[in-house]
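Given the coordinates of chain Y, work out where chain A should sit on it, guided by the hints.
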Amino acid sequence: MTVYLPVLLYYVRIMAAKRTDVHREPLASPQDVALFMRDITKAFPGVLANDRVTLEVRVGEVHALLGENGAGKTTLMNILYGLYQADSGEIYLYGRRVRIRSPRDAIRHRIGMVHQHFKLVSRHTVAENVVLGLAGAPFLVPARAVEGKILELGERYGLKVDPKAYVWQLSAGEQQRVEIIKALVRGADILILDEPTSVLTPQEAEELFKILERMKEEGHSVVFITHKLDEVMAVSDRVTVMRRGKVVATLPTSEVDKPTLAKMMVGREVVFRLEKAACERGNEALVVEDLWALSDRGLPALKGVSFSVCRGEILGIAGVAGNGQKELVEVITGLRRATRGRVVVLGEEVTNRNPRRIADKGVAHIPEERLKMGIVPEMSVAENLILKRHHRAPFCRGFFLDLREVRRFAHHAIEEYEIMTPGPETPAKLLSGGNIQRLILARELSGEPALIVAAHPTYGLDVGATEQIRQILLEQRRRGAAILLISEDLEELMSLADRIAVIFEGEIMGEVSPETASLEEVGLMMAGEKRGVVL
Amino acid sequence: MKRLGPFVFERRLAPTRAAILGYSLLAILAALIVMSFIFWAYGVSPIKAYSVIGRTTLGSRFGLMEILRRAIPLLLCGVGLVIAFRAKFWNIGAEGQLLAGAVAATWVALFSGVSGPMKLPLMFVLGFAAGAVWGIIPALLKVKLQVNDVISTLMMNYIMAYFVKWLIYGPWRGPTMRGFAYTDLFPRDAWLPLIRHSKVHWPTLVIGIAAAVLAALILSRTRLGYEIRVVGDSPDAAHYAGISFLGVSLWVMLLSGGLAGLAGVGEVAGIHHRLLEPDHVSLGYGYTAIIVAWLARGSPLAAIITSLLFGLIFAAGDEIKVTLQMPFQITGVFNGLILFFLIGVEVFLYWKIRVVRGGKETEWAGKAGS
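Protein sequences, first through last, are from chains Y and A.
Quick note: the first sequence, position 361, residue 361 per this note's numbering, numbers continuous.
Position in the second sequence (first residue = 1) + 1000 = this note's numbering.
Because the hints were derived from the structure by calculation, they are not lab data.
Check each hint, because a few of them may be wrong.
Calculated from the model, a selection of chain A residues having no Cβ within reach of chain Y, i.e. all distances over 12 angstroms [to be verified]:
1) Leu1032
2) Val1052
3) Arg1055
4) Gly1113
5) Val1114
6) Ser1115
7) Val1125
8) Tyr1169
9) Arg1173
10) Lys1199
11) Tyr1287
12) Ile1290
13) Gln1325
14) Phe1328
As a list, the in silico DSS-like pairs of lysine-lysine whose alpha-carbon atoms are at most 27 angstroms apart [to be verified]:
15) Y:Lys119 - Y:Lys216
16) Y:Lys429 - A:Lys1352
17) A:Lys1199 - A:Lys1119
18) Y:Lys216 - Y:Lys228
19) Y:Lys372 - A:Lys1144
20) Y:Lys530 - Y:Lys303
21) A:Lys1352 - Y:Lys119
22) Y:Lys530 - Y:Lys210
23) Y:Lys372 - Y:Lys361
24) Y:Lys228 - Y:Lys119
25) Y:Lys258 - Y:Lys246
26) A:Lys1088 - Y:Lys119
27) Y:Lys263 - Y:Lys228
28) Y:Lys119 - Y:Lys164
29) Y:Lys303 - Y:Lys164
30) A:Lys1088 - Y:Lys429
31) Y:Lys372 - A:Lys1352
32) Y:Lys119 - Y:Lys372
33) Y:Lys210 - Y:Lys160
34) Y:Lys149 - Y:Lys160
35) A:Lys1088 - Y:Lys372
For every residue, glycine included, the Cβ atom is placed at its ideal position computed from N, Cα and C.
In isolation and in its complexed conformation, chain Y is listed as follows (with noise of 0.2 angstroms):
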């Protein structure tokens, strides 16, 4: 009973809140401005983030916020959500000058964010991080008092996830759904959306713009962070651009394309197609038959996976996070046991083998946790350059790294895939984004490597690093490497793979070619649907 008695507390402090909720004070007029931010500035060593940047939210509208990445969105929304100081300016809402000081004023103030890299606990329960410094939360098993409420949230919103699950046991998608239902379970009137769609099908990225639409008739604004202009002219009333940490300007959606968009943020003009020479289907480098993994939770995270990538090919992997991506690029790349089937590299098996000796064999692998994987942080540029060539010679003689072998190739690789960095001493932690992604494709294509595994290549990328990985991948396919190109992005996949197969809850639903394929069709595979070639 004690147990109970502050959970039962819990719940009818919720309706209480219900309760006033339904009686709050109607919120203004749509012309109204839920949020104003003045003459924003914020200085990083060496770099001006925000420079005198305004923003102005209505109450009622999705609000998008367009910007390659390092243009200051996300600063400027860091700012706003109290994880930041600006260093001027001023911020109002509803009229009323607030400081916010820290994330749980924000809180305070019912602004919510949703981060693109997400902040959860991972060796927490989705159910406690949710209820992780939730006002009004019992003492006694908070976590068991949001459940019910997290099953509501993810029924009403299609947010479905598991809230006994532990967060490091789900997939990215997973997370970001756990990261939205934490605010929406905090009441965020101004909901900040850091590039929500990233990691979604477009029909649940339709939902989501269902949700908003919903938000905005009961009054809720919405920030709506983004560099996808599809997705601006699909969901938003209006948009800021930004470039180099300063407004380019704001406009109402209506009165704009894409192109002219695409313009304000990058600078230049953006070509969108790009060019792809015919596929020449040579001999196949990659044969997967019956592929079946398991998880981390220990369930069936593939089952009976085949499929074949040519010399000269590459091949689309479509689908949700959390399908078996992951695993499947796990398995190929030996960091995860197959409990069944086979994996041929250039008609040699190497099912379960050693990351090395598949990678020795030619397997270059671009992970989808860069920081976490694709790169050692603290250790230099340099010394990341040579990973998994380490071993080997020229860097490596017998005991001995030859040091001078390693600047020299650090030099080279830095000028031929235009990393942007101080010097090949510079810790890898320092670079940017898209610079780590550069890093990452001069370590891995350097050997030539017959078979590259290319997880989320350009996922939160800028539009101009986006592009140029992109080309590297095509100059790749012509050199006559198979891809395996895995991406949630259906328009990268689309312009770029020679076939698209794609998988869900472990299985391929069939492969599409992306010249007669649409997106809908696409979509509805990834939602489950058998369509196209099955194999």
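This is chain A only, laid out in the frame that chain Y set:
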């Protein structure tokens, strides 16, 4: 960005060498200041205490030699711990590994039947091996069974300490020692040569300095060192690169334990010339070496300097005991204070701290890092 009362913390990325050095000195200074209150509470004038310490340690040949003698085991254990800590293997077991080395050396000296010029080298070799074995056990436990390395290495210390006790009270108790819990004295060919008029067993000192240089070379210029750093900095990246976690852990603990084992050989063959109570064989050198390694911040060469610093503290402890009639345990207090402040200054290395008072902000911690 964090806030605590009037203090605002902002994260900074890479502290410079100068900042690390400066803040480390600051920590030692802070420990000295707090220490002077302890002297004062003991009824000893801190000024007098520090001048006595200065005169008797740094101010005389005898004192300098005492510092060196204490620094030897600290250096060997400290270099080993630097290697382990670089791989984020938290070896708290240098004390036990040191004792394991002492036991092996004692066996060679008294029971192996070996004699002549090969005896001392054999003592070092087997001492290294015994320390390495004692270090490798927790490494295996960690990699194969995910047993926490802090707990297992710490517990191994007690096992080895009680094993030593059992040996000296039981099978190895010296028949000529009239019932005392010692082994017999080692024969002369198992005594390490000393620098004249001192207790500095110089061969161990040479080995220690060589170990520091070698460890620095291994870490910066070899494949093993590279892999150690990758594993320590990012286990996920190590896994991704196909670096064997087991291999690296075994190597690291082999070196770390082995070097501590050498320290144990030095203590019994250089100073005591017999195996005795574990807390007389080592005055907690294996634990103090943790601070030595921490203060060296991943650099084996820096461990030469930090081990001398702690050698000084031990030598000062002796003087405090004799001249000022304070307990020797005062060194433990001092070591604790230094470690406390060292960990305390970490906050300045990785956070920039400003004081906010009514909207006015003042820069608080220097401009190091940036």
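Hints, one by one, checked against the model:
For Leu1032 (chain A), the requirement that its beta carbon stay farther than 12 angstroms from each beta carbon of chain Y is met, with the minimum near 31 angstroms. Look at Val1052 (chain A): its CB is around 43 angstroms from the nearest CB on chain Y, clear of 12 angstroms, so calling it non-interface holds up. Under the 12 angstroms C-beta cut-off, the non-interface status given to Arg1055 (chain A) relative to chain Y holds; the minimum distance is some 43 angstroms. Interface exclusion of Gly1113 (chain A) from chain Y stands, the closest Cβ pair being 36 angstroms apart, more than 12 angstroms.
Separation of Val1114 (chain A) from chain Y is adequate, the least Cβ-Cβ distance of about 31 angstroms exceeding the 12 angstroms criterion. Every CB of chain Y lies more than 12 angstroms from the CB of Ser1115 (chain A), the least distance being 35 angstroms, so the non-interface label holds. No beta-carbon of chain Y is positioned within 12 angstroms of the beta-carbon of Val1125 (chain A); the least distance is around 20 angstroms. No Cβ of chain Y comes within 12 angstroms of the Cβ of Tyr1169 (chain A); the nearest lies about 45 angstroms off, and the non-interface call holds.
No Cβ of chain Y approaches the Cβ of Arg1173 (chain A) within 12 angstroms, the least distance being about 45 angstroms, so the stated non-interface status holds. Listed as a non-interface residue, Lys1199 (chain A) keeps its Cβ farther than 12 angstroms from every Cβ of chain Y; the least gap is roughly 37 angstroms. With a cut of 12 angstroms on Cβ distances, Tyr1287 (chain A) stays outside the contact zone with chain Y, its closest approach being about 27 angstroms. With 12 angstroms as the threshold on Cβ separation, the claim that Ile1290 (chain A) sits away from chain Y holds: the shortest Cβ distance comes to roughly 21 angstroms.
No Cβ of chain Y approaches the Cβ of Gln1325 (chain A) within 12 angstroms, the least distance being about 48 angstroms, so the stated non-interface status holds. No Cβ of chain Y approaches the Cβ of Phe1328 (chain A) within 12 angstroms, the least distance being about 39 angstroms, so the stated non-interface status holds. A hinted pair counts as satisfied when its Cα atoms are at most 27 angstroms apart, and Lys119 (chain Y) with Lys216 (chain Y) qualifies at roughly 26 angstroms. A C-alpha spacing of about 18 angstroms is found between Lys429 (chain Y) and Lys1352 (chain A), which places the hinted pair at or below 27 angstroms, so the restraint holds.
Taking the CA atoms of Lys1199 (chain A) and Lys1119 (chain A), the gap is about 20 angstroms. The hint holds against a cut of 27 angstroms. At most 27 angstroms may separate the alpha-carbon atoms for a hinted pair to count; Lys216 (chain Y) and Lys228 (chain Y) meet this at roughly 21 angstroms. Distance check on the hinted pair: Lys372 (chain Y) and Lys1144 (chain A) sit about 23 angstroms apart at the alpha-carbon level, within 27 angstroms; holds. As the CA atoms of Lys530 (chain Y) and Lys303 (chain Y) are separated by approximately 15 angstroms, the hinted pair is consistent with the 27 angstroms bound.
Restraint check for Lys1352 (chain A) and Lys119 (chain Y): the C-alpha separation of about 22 angstroms stays at or below 27 angstroms, so the hint holds. Taken as a hint, the Lys530 (chain Y) and Lys210 (chain Y) pair is honoured in the structure, with Cα atoms around 26 angstroms apart against an allowance of 27 angstroms. In summary, the hint linking Lys372 (chain Y) to Lys361 (chain Y) is supported, as the alpha carbons are separated by about 24 angstroms, within the 27 angstroms threshold. A hinted pair counts as satisfied when its Cα atoms are at most 27 angstroms apart, and Lys228 (chain Y) with Lys119 (chain Y) qualifies at roughly 23 angstroms.
For the suggested pair Lys258 (chain Y) and Lys246 (chain Y), the alpha carbons sit about 20 angstroms apart, so the restraint of at most 27 angstroms is met. Between Lys1088 (chain A) and Lys119 (chain Y) the CA atoms are separated by roughly 24 angstroms; this keeps the pair inside 27 angstroms, and the hint holds. Between Lys263 (chain Y) and Lys228 (chain Y) the alpha-carbon distance is near 13 angstroms, which keeps this suggested pair within the 27 angstroms criterion. Of the supplied pair hints, the one linking Lys119 (chain Y) and Lys164 (chain Y) holds, its CA atoms being roughly 18 angstroms apart against a limit of 27 angstroms.
Only pairs whose Cα atoms come within 27 angstroms are accepted, and Lys303 (chain Y) paired with Lys164 (chain Y) is accepted, the gap being roughly 24 angstroms. Only pairs whose Cα atoms come within 27 angstroms are accepted, and Lys1088 (chain A) paired with Lys429 (chain Y) is accepted, the gap being roughly 18 angstroms. Straight-line distance between C-alpha atoms of Lys372 (chain Y) and Lys1352 (chain A) comes to about 25 angstroms, which keeps the hinted pair within the 27 angstroms bound. At roughly 15 angstroms between alpha-carbon atoms, Lys119 (chain Y) and Lys372 (chain Y) fall within 27 angstroms of each other, so this suggested pair holds.
At roughly 16 angstroms between alpha-carbon atoms, Lys210 (chain Y) and Lys160 (chain Y) fall within 27 angstroms of each other, so this suggested pair holds. Using a Cα cut-off of 27 angstroms, the hinted pair Lys149 (chain Y) and Lys160 (chain Y) holds, with the two alpha carbons roughly 12 angstroms apart. A C-alpha spacing of about 16 angstroms is found between Lys1088 (chain A) and Lys372 (chain Y), which places the hinted pair at or below 27 angstroms, so the restraint holds.
Every hint, counting from the list given before, is met by this structure.
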